[in-house]
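K.L.:
Listed here are the chains, written in short residue letters.
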Amino acid sequence: MAQIELSTIRKSFDGTDVLKGIDFRIEDGEFISLVGPSGCGKSTLLRIIAGLEPQNSGQVRIDGRPVDGIRPSARNLAMVFQSYALYPHLSTFDNIAVPLRMRRLSAIERLPLLGPLLPGRRAKEHGIRADIAAIAEQLDIAPLLRRKPGQLSGGQRQRVAVGRAMVREPLAFLFDEPLSNLDAKLRVHMRAELAELHRRLKTTFVYVTHDQAEAMTMSSRIAVMMGGELIQVGTPAEIYNDPGDIRVAEFIGSPKINILPGRVWKDGGIDVLGSALRLACGATAGECRVGVRPERIDLGAGPFSGNVVHLENLGAEAFVHLAIEGAGLRLIARLADVRHLPAMGSHLAFGFASDAVQVFDSIGKRIPLKVEQAERVREPAHV
Amino acid sequence: MSDGAMTIDAAAVPARAARRTLPAHGSRRTYSAYALVAPAAALMLVMLLGPLAGVIALSFTDYQLGAPHFSWIGLANYQDLFADKVFWIALRNTLTYVVVVVPGAVIAGLAIALLIQSGTSLRSLYRTIYFLPVMATLIAMAVVWEFMLHPQFGLVNGLLRGAGLPAFAWLQDRSTALYALCAIGIWQAVGFNMVLFLAGLVSIPKQLYEAAEIDGASSGWARFRLVTWPMLGPVTTFVVVVSGIRSFQVFDTVHVLTKGGPSKSTEVLIHTMYTEGFEFFRSGYAAAITVVFLVFVLALTLIKSRLADRGVHYT
Amino acid sequence: MSNTHSVSLQAVLRHLLLIAGAAIMLAPFIWMISTASKPQTEVFSSELHLIPYRFALWDNLREAFAKANLLRFLLNGVIVTISIFVLQVMVALPAAYALAKLRFRGRDTLFALVLFGILIPPQATAIPVFLLLHKVGLLDSYAALVLPFTISAFGIFLMRQFFKTVPDDLVDAARMDGISEFGIVWRVMLPAAIPAVTAFGIFSVVAHWNDYFWPLIVLNSEQLRTPPLAVAHFRNNEAGTSYGPLMAAAMVIIAPLVIAFLFAQRRFIEGITLTGIK
Ligand SMILES: Nc1ncnc2c1ncn2[C@@H]1O[C@H](COP(=O)(O)OP(=O)(O)OP(=O)(O)O)[C@@H](O)[C@H]1O
Ligand SMILES: [Mg+2]
Numbered sequence: 007m008a009q010i011e012l013s014t015i016r017k018s019f020d021g022t023d024v025l026k027g028i029d030f031r032i033e034d035g036e037f038i039s040l041v042g043p044s045g046c047g048k049s050t051l052l053r054i055i056a057g058l059e060p061q062n063s064g065q066v067r068i069d070g071r072p073v074d075g076i077r078p079s080a081r082n083l084a085m086v087f088q089s090y091a092l093y094p095h096l097s098t099f100d101n102i103a104v105p106l107r108m109r110r111l112s113a114i115e116r117l118p119l120l121g122p123l124l125p126g127r128r129a130k131e132h133g134i135r136a137d138i139a140a141i142a143e144q145l146d147i148a149p150l151l152r153r154k155p156g157q158l159s160g161g162q163r164q165r166v167a168v169g170r171a172m173v174r175e176p177l178a179f180l181f182d183e184p185l186s187n188l189d190a191k192l193r194v195h196m197r198a199e200l201a202e203l204h205r206r207l208k209t210t211f212v213y214v215t216h217d218q219a220e221a222m223t224m225s226s227r228i229a230v231m232m233g234g235e236l237i238q239v240g241t242p243a244e245i246y247n248d249p250g251d252i253r254v255a256e257f258i259g260s261p262k263i264n265i266l267p268g269r270v271w272k273d274g275g276i277d278v279l280g281s282a283l284r285l286a287c288g289a290t291a292g293e294c295r296v297g298v299r300p301e302r303i304d305l306g307a308g309p310f311s312g313n314v315v316h317l318e319n320l321g322a323e324a325f326v327h328l329a330i331e332g333a334g335l336r337l338i339a340r341l342a343d344v345r346h347l348p349a350m351g352s353h354l355a356f357g358f359a360s361d362a363v364q365v366f367d368s369i370g371k372r373i374p375l376k377v378e379q380a381e382r383v384r385e386p387a388h389v
Numbered sequence: 498m499s500d501g502a503m504t505i506d507a508a509a510v511p512a513r514a515a516r517r518t519l520p521a522h523g524s525r526r527t528y529s530a531y532a533l534v535a536p537a538a539a540l541m542l543v544m545l546l547g548p549l550a551g552v553i554a555l556s557f558t559d560y561q562l563g564a565p566h567f568s569w570i571g572l573a574n575y576q577d578l579f580a581d582k583v584f585w586i587a588l589r590n591t592l593t594y595v596v597v598v599v600p601g602a603v604i605a606g607l608a609i610a611l612l613i614q615s616g617t618s619l620r621s622l623y624r625t626i627y628f629l630p631v632m633a634t635l636i637a638m639a640v641v642w643e644f645m646l647h648p649q650f651g652l653v654n655g656l657l658r659g660a661g662l663p664a665f666a667w668l669q670d671r672s673t674a675l676y677a678l679c680a681i682g683i684w685q686a687v688g689f690n691m692v693l694f695l696a697g698l699v700s701i702p703k704q705l706y707e708a709a710e711i712d713g714a715s716s717g718w719a720r721f722r723l724v725t726w727p728m729l730g731p732v733t734t735f736v737v738v739v740s741g742i743r744s745f746q747v748f749d750t751v752h753v754l755t756k757g758g759p760s761k762s763t764e765v766l767i768h769t770m771y772t773e774g775f776e777f778f779r780s781g782y783a784a785a786i787t788v789v790f791l792v793f794v795l796a797l798t799l800i801k802s803r804l805a806d807r808g809v810h811y812t
Numbered sequence: 002m003s004n005t006h007s008v009s010l011q012a013v014l015r016h017l018l019l020i021a022g023a024a025i026m027l028a029p030f031i032w033m034i035s036t037a038s039k040p041q042t043e044v045f046s047s048e049l050h051l052i053p054y055r056f057a058l059w060d061n062l063r064e065a066f067a068k069a070n071l072l073r074f075l076l077n078g079v080i081v082t083i084s085i086f087v088l089q090v091m092v093a094l095p096a097a098y099a100l101a102k103l104r105f106r107g108r109d110t111l112f113a114l115v116l117f118g119i120l121i122p123p124q125a126t127a128i129p130v131f132l133l134l135h136k137v138g139l140l141d142s143y144a145a146l147v148l149p150f151t152i153s154a155f156g157i158f159l160m161r162q163f164f165k166t167v168p169d170d171l172v173d174a175a176r177m178d179g180i181s182e183f184g185i186v187w188r189v190m191l192p193a194a195i196p197a198v199t200a201f202g203i204f205s206v207v208a209h210w211n212d213y214f215w216p217l218i219v220l221n222s223e224q225l226r227t228p229p230l231a232v233a234h235f236r237n238n239e240a241g242t243s244y245g246p247l248m249a250a251a252m253v254i255i256a257p258l259v260i261a262f263l264f265a266q267r268r269f270i271e272g273i274t275l276t277g278i279k
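Residue numbers (my numbering), protein chains in the order written: chain A, 7 to 389; chain B, 498 to 812; chain C, 2 to 279.
Isolated chain A (complex conformation) (with noise of 0.2 angstroms):
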């Protein structure tokens, strides 16, 4: 259990500014996602958490203390590679025990053909076979004790690793894109599973994806990275609902959410394809750039028109792809409802409420915005 501080950490490999001052508190027990695109630092946020890689300024404390200088193996920290990285010589029950021992017996009994000959050594192996035993219980891995990684499946693989950190009780726990090496079904799967491992062991956890399906449905906070910074930090529902920046919006959520051309007014209104929305806003004047969810888009009525482009029809939901004449813009709305799907090509009216609109100004920042009066002229948007 663990408190994680990252004060303005910096780092940059030959000259290329990778971290460009992270700022941030993980707090103790929480399950954090660090989100973000390929290459934009999350992977090394993580090493330099872990002590793998130095940072080139900035200061990492756990549970207050500096960290910075201790080796990776005494911040007593897990962590669970992408690969796995198993001992591909070892069994399944001496990679889960290599933590164990390089703790709890000294060098001297760690000796291949001495070290079994000491007198505590027996004692202390008992010990670790006990331990093991009851992780290879909680992840149902005891049958596989025996073999080595070559002969486990991919899931298997990742239990072990995550048996491995878990074996010691570290205080937190950190992934670096888990689940990436599994198929779809096994990763929805396991997504479950950790997020069921982290309500019991009640350890901070600090998850790094770039797939922000993982993100939403297993994390109590996302932090969002791009470029080397940390763009946004909350909750999963306020990561989705309340964007702070658009690229927040475009890369959480899918399908990915709709933007649209809108310009600001000097009075503060705001218009999108040429239709007044009934909504102000304290920004300068100019142009903006107007997003809606694909479930906030009602099609059947509004001021909005376009025609039916492509239907994806998955079940339980369908995605309407409409074409904008004129505009030459194309969104998707989602129907809930797939007994009723619109013909390819008809024309469909659509118009979506004033609470579903996210307004982000010229260079992508959210323009915070205020509900309009009734008096307003101009013509309202939608009902």
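These aren't lab readings, by the way, just hints derived from the structure by calculation. None of the values given here were measured: they were computed from a predicted structure. Note that CB positions come from ideal geometry on N, CA and C, so glycine has one too. Incorrect hints may have been included.
Cut-off 27 angstroms, straight-line C-alpha distance, at most; resulting in silico cross-link-like pairs (DSS-like, lysine-lysine) [claimed, not checked]: (1) A:K154 x A:K130; (2) A:K371 x A:K272; (3) B:K756 x C:K68; (4) A:K154 x B:K756; (5) A:K262 x A:K371; (6) A:K191 x A:K262; (7) A:K26 x B:K582.
Just the calculated beta-carbon pair ranges, DEER-fashion [stated by the list, open to error]: (8) B:I604 x A:L207: 22 to 30 angstroms; (9) C:F117 x B:R589: 25 to 33 angstroms; (10) C:I80 x A:L119: 53 to 61 angstroms; (11) A:A136 x C:R104: 58 to 66 angstroms; (12) C:L72 x B:L622: 28 to 36 angstroms; (13) B:S615 x C:K68: 44 to 52 angstroms; (14) A:L117 x C:I80: 54 to 62 angstroms; (15) B:S672 x C:I80: 50 to 58 angstroms.
If you want a taste of the chain A side facing chain B, the calculated C-beta under 7 angstroms gives, among others [to be verified]: (16) L58; (17) R77; (18) F87; (19) A91; (20) H95; (21) P105.
For this one, chain A is given, so just place chains B and C with the ligands on it according to the hints.
P.N.:
Using the frame of chain A, we list chains B and C with the ligands on its own:
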């Protein structure tokens, strides 16, 4: 175009005709296959397999080059051989050479590879330097070594004298000559082993070291024991066997520098075989020595090919 | 960050050890060049010095070339190694193609024989091959140096493994274009196999340039000597008297390969390590 023609043909021609054309096609290709392998097969028979059978057959005869007749004498050559003191000396010297050179060249090769890989600077420069002896014609370098080991004007004794240590007549002294040859053998083989070890080291996933680091293997030695050594296992056995085979074949340095002397102290199997077969032209007897040599080398080779199939299985 | 100190200490130690080792590895080369550059009087002085007081490399080289026909021997080396390599490829490539891509009776047996052929050390077949060459009267000729090595079981194996990775579609496409099986070997497979052929070429050339055992056995005439044989004879005639020219001759003999190696290290290391697989 031809594609289209093919499909039309295939569609139009009834199955019977297709059956008729296919074997014809196949057999034309079979003929060319035989034509393609014929030179290789013939040469292999004449230059490899035939001579191999020949050397075994020859070892049961008393054939001497230039003699008009020969007769089958059964195991007499082997009996002579096993009764010959020189053969036993040669075998013992060969084994001594192998037992000294293999560990020396393997351990030094591994140590150098580890040292080179433990940093990033000047890697390729060091690799080039250590590999240089592998490239240089051994005979030429043996001649250089001979002068380096010259009792009076050589570099080695010069340095020893400079350090106030006793000097030796390395190649002329029966107690040191074989070990001097071993040193040359190690010097020449180290770079080769180093390159094989470097390739092995590069292929160890970096994440294993990081996992080891996190699991508490904080010293370099602990990481070597936990990751490097086991992961290099297959490479190491391979290098040991290859070095063994090459050491068994030692001949060049012996022939140029000592001719097996002084007083047979550097006599080795292939050198005995050479002297008997190509200086005294006792072909049958030399063939028997070859067979003994072959038994040792094939045993090692078989171990190697067994091991080569087995690697670390990891995905 | 805080352990930069220990890191740099480790780096220094690494360089110290590696430089010490490198000094041992390079000592013979340095000694060779040093001795080759010294006049007779300095060679035979018990006092150690690497840099000659009087630079006599050119004199020693001139003497070496005068005492032995080094150019001729180098030329012999080139003729022999190139002939061996070219013939090896001409024999091995078609066979490798047939073993990799064609189906015929006896293919598996032939391949097994190839694998077995790899295991046979060259010393083992020396006596019968020598007797054979003696019978057909080819001893003491270029043919004697080249013929026994025209078959390389290892070369066949290596090329066959490489051809296995060439997609069948490529071969079929060539057949559709009307290229004969023989044509496929040279016009389709050889260009695809250039990297493997290069590696094998380096392996073969280095092995035969440096070979001493076989030329020693089959050669008598001075004008056919290969470089290693030439150094050995030079040494037998001159050792004890003129070390300067001897070292100069050794330098000349190792120069071609060493220089080629320095220019294309990666390829050479790749090629030579094939010996390990053999
Ligand atoms: N050891 C290194 N040397 C040089 N550059 C590096 C190194 N490690 C990472 N980088 C660079 O730093 C940047 C961030 O890398 P990082 O591995 O942290 O990305 P990531 O967010 O984990 O991406 P992914 O989702 O693809 O794993 C990348 O541009 C990468 O090329
Ligand atoms: Mg990463």
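K.L.:
Against this structure, judge whether each hint is valid.
P.N.:
Here's how the hints hold up against the structure:
For the proposed pair A:K154 and A:K130, the alpha carbon gap of about 23 angstroms is at most 27 angstroms, so the pair holds. Between A:K371 and A:K272, the direct Cα distance comes to roughly 18 angstroms. Compliance with the 27 angstroms bound is thereby established for this hinted pair. Pair hint B:K756 plus C:K68 holds up; C-alpha atoms about 24 angstroms apart against a cutoff of 27 angstroms. Our distance criterion of 27 angstroms between C-alpha atoms is broken by A:K154 and B:K756, whose separation comes to about 53 angstroms.
Taking the CA atoms of A:K262 and A:K371, the gap is near 18 angstroms; set against the 27 angstroms cutoff, the hint holds. Annotation: proposed proximity of A:K191 to A:K262 holds, straight-line Cα distance about 22 angstroms (limit 27 angstroms). Taking the CA atoms of A:K26 and B:K582, the gap is near 78 angstroms; set against the 27 angstroms cutoff, the hint is violated. Separation of B:I604 from A:L207 is about 46 angstroms and departs from the stated range, judged on CB atoms against 22 to 30 angstroms.
Our hint of 25 to 33 angstroms for C:F117 and B:R589 holds, since their Cβ atoms are close to 30 angstroms apart. Look at C:I80 against A:L119: about 57 angstroms separates their beta carbons, and that is inside 53 to 61 angstroms. A:A136 and C:R104 have their C-beta atoms about 59 angstroms apart, which keeps the hinted 58 to 66 angstroms range intact. As the Cβ distance of C:L72 to B:L622 is approximately 33 angstroms, the hint placing it in 28 to 36 angstroms holds.
For B:S615 and C:K68, the hinted distance range of 44 to 52 angstroms is satisfied, since their beta carbons lie about 48 angstroms from each other. One distance hint, 54 to 62 angstroms for the beta-carbon pair A:L117 and C:I80, holds here, with the actual separation near 59 angstroms. Between B:S672 and C:I80 the CB atoms are about 44 angstroms apart, so this pair departs from the stated range of 50 to 58 angstroms. The restraint placing A:L58 at the interface with chain B holds, with a minimum CB-CB distance near 5 angstroms, inside the 7 angstroms limit.
For A:R77, the shortest C-beta to C-beta distance to chain B is roughly 5 angstroms, which falls under 7 angstroms, so the interface hint holds. Interface hint status for A:F87: upheld, as the beta-carbon distance to the closest one in chain B is roughly 5 angstroms, under 7 angstroms. With a cut of 7 angstroms, the hint placing A:A91 at the interface with chain B holds, because the nearest CB-to-CB distance is about 4 angstroms. Taken as an interface hint, A:H95 checks out: its beta carbon lies about 4 angstroms from the nearest beta carbon of chain B, inside 7 angstroms.
For A:P105, the shortest C-beta to C-beta distance to chain B is roughly 4 angstroms, which falls under 7 angstroms, so the interface hint holds.
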